[in-house]
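From first to last, the protein sequence lines stand for chains A and B. Residue numbers are given in our numbering: position 147 of the first sequence equals residue 140, and the series is strictly consecutive. Residue numbers are given in our numbering: position 209 of the second sequence equals residue 202, and the series is strictly consecutive.
Simulated from the structure, these hints should not be mistaken for lab results. Any given hint could turn out to be false.
To be verified - Just a few of them, taken from the derived set where beta-carbon distance is under 10 angstroms, the chain B residues facing chain A: (1) ARG27; (2) LEU158; (3) PHE233; (4) ASN248.
Stated by the list, open to error - Computed Cβ-Cβ distance ranges for the label pairs, DEER-style: (5) B/GLU180 x A/ASN72: 20 to 26 angstroms; (6) A/ASN249 x B/GLN34: 20 to 26 angstroms; (7) B/ASN186 x A/LYS112: 20 to 26 angstroms; (8) A/LYS52 x B/LEU224: 19 to 25 angstroms.
Bear in mind that the values here come from a model prediction, so they are computed numbers and not experimental data. By construction, the Cβ of each residue, glycine as well, lies at the ideal position given by its N, Cα and C atoms.
Next come the chains, spelled out residue by residue.
Number of protein chains: 2
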Amino acid sequence: MLENIVFIGAGNLATHLALALNNAGKKIIQVYSRTYSSASQLAIKVDAEPINDIKLLNKNADIYIVSVKDSAIEHIASNIKLNNKLIVHTSGSMPMEVLKEASDNYGVLYPLQTFSKNKNVDFHNVPICIETNNPANIEILKNLAEEISSNVREISFDKRRIIHLAAVFACNFTNNMYSVAEQLLIENDISFNILLPLINETAVKVFEDSPKKLQTGPAVRGDDSIISSHLKMLANHKDFKKIYKLLSDNIKKMNNK
Amino acid sequence: MLENIVFIGAGNLATHLALALNNAGKKIIQVYSRTYSSASQLAIKVDAEPINDIKLLNKNADIYIVSVKDSAIEHIASNIKLNNKLIVHTSGSMPMEVLKEASDNYGVLYPLQTFSKNKNVDFHNVPICIETNNPANIEILKNLAEEISSNVREISFDKRRIIHLAAVFACNFTNNMYSVAEQLLIENDISFNILLPLINETAVKVFEDSPKKLQTGPAVRGDDSIISSHLKMLANHKDFKKIYKLLSDNIKKMNNK
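Same shape as in the complex, but just chain A (with noise of 0.2 angstroms):
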C-alpha cells in the first residue's frame, strides 16, 4: 500500500491531486515546489512539509508525484535519486522514461481532466490512465488511483499522447470556441448566459451518440447562404473569420465522407 506520498509541483493539477488523494486518507508528507510560497500555498491545504530545494526531499515516501510542466520533469528527475522508490509523472504526452535517472521503479499516473484554480473537481469518473515501467508496480499504483477515481486504466505511452491530443481538441479548443462565442455576445451588449443551456445540450448529447451523427447547424445541412452572411458579420474579426471558414470546410468534409 503506498501511504506516504510526495508531491513535487504545486500547480492546478498537484493542487487537486493532492486533494483528491488528502481526501481519501492518504498522507502527503511533502511538497516541493521552486518559490516557497507556492509549495506552503499547497502544503497548508493538506498538511504537508512545503520545501522548495529539492535537496530537502523526504527519501522515506512510498510513492514521488512529480506534477511539474513537462519541459521540467526531465531535469528534476536527473536531480534526485530514490534508489528504488516509485516516482511518477501526471503527464499526457511525456514518456515514463524522463524519470529513469530518479528510480528503477518509475511511471505514470495522468488524470484526463481540465483543473483550474477554484473550481473543485470530482475525480470519481476521472479516467486515470496509468503506467509503469516494472509490471509488478501496476497493481500497486492501481490500487492508489482506485482510491480516488472507479475509471482507472492502464494505457500505454503511444495512446495515452493519442488522448491528450484528442483531450485538446475535445476541450481546450473546444473551450476556445465558447470564448469566441462570449466575446461576439459581448461586443453586442447580449449576456453570455443565453448560451448556456445550448453548450450543455451539445456537451450531454454525446454522451448518447457519435458528435459526427450528431452535427447540426448551417455547414453540415449545406446552407451557403447562411454561412456567407455570418462570414460578412466576421469581417472585422478576421481571425474569427478564418476559424469560421475552417471549422466549417471540415464539418462538410468530414460529414461527406
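Let chain A serve as the given structure and place chain B on it in line with the hints.
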C-alpha cells in the same frame, strides 16, 4: 390565446417544437411539408392533418409556424395569404420581414437549441427569442412561448443574428471538435467515452465563470514543445493540423490581450 397551430415544415426543429407545444396542451391542426411522408411522420405524432399541397392550408388556425430552411421561408410566405393571421418563422438568421407577403401580422419564435432526430429535448430552459412587427402581438407570442419555456426573451433581429453566429461557434464548431477527437481516438483503437468526463467538465465550468478565464492547455500555458509534438503527430491529418495551429494561435491572442 393561441390555441390552434399550423406547422409549415416538418424537420428536426419543427418536430421538437410541435411535440413540446402539443405536450403543453396546444392543438396542432395541420402539418405541411413538401413530401407527404415527412408531413405524415410529424402529423401522426401530434394528431394533426398532414398536407403536401400548400393550397390546402387550413386558414382557421391562430398561428402559423414556418420552420423550413432559411432560403425557403420567403418563397413559402409569398405563396400563402393569411390576411391578419399571425405567422412566425423559427430562424436565427432571417429578418421577420421575409414573412410580410403572407400576413400583416408576423414575427419570429427562435428556440436557441440544437435539435437532432431521436434525441428528446427538454424545452423548459431553452431560450426562446421572440419578435413581432405589431407590438400588440408580442404578449400573445410570449404567452405561447412561455407555455413551453421559462426563458423567453424579446430580441431584435440585430441581436438574434449575433446570437445565432455565436451559437455556431459554441455548438456546431464545438461538436466538430468532439468529432475530430473521436476520429483521432478511433484510428488508435481507443474508445471515445474516455473523453466524456472531460467534455462534461469543460461545459459545466462555463456555468460558473467566463470561458476566457477558464482556458487551460498547452497554448494558454505557452508550452510550445507540446504544441510542436502535437503538430508532428498530425502530419497525416492536414486539416486537423491547420485547425490545431489556428486555434492555438487564437487562444494565445485572446488570452494575452
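Against the structure, the hints come out as follows:
A cut of 10 angstroms between beta carbons decides the hint on B/ARG27: the least distance to chain A is about 16 angstroms, and the hint is violated. Hint status for B/LEU158 relative to chain A: holds, with the closest Cβ pair at about 5 angstroms, below 10 angstroms. Checking B/PHE233 against chain A by beta carbon gives a least distance of about 8 angstroms; that is within 10 angstroms, so the hint holds. Among the interface hints, the one on B/ASN248 holds; its C-beta lies about 8 angstroms from the nearest C-beta in chain A, closer than the 10 angstroms criterion.
One distance hint, 20 to 26 angstroms for the beta-carbon pair B/GLU180 and A/ASN72, is violated here, with the actual separation near 38 angstroms. Checked against the given bound of 20 to 26 angstroms, the beta carbons of A/ASN249 and B/GLN34, roughly 25 angstroms apart, stay inside it. Checked against the hint of 20 to 26 angstroms, the pair B/ASN186 and A/LYS112 passes, with Cβ atoms roughly 23 angstroms apart. Separated by about 40 angstroms at the C-beta atoms, A/LYS52 and B/LEU224 break the suggested range of 19 to 25 angstroms.
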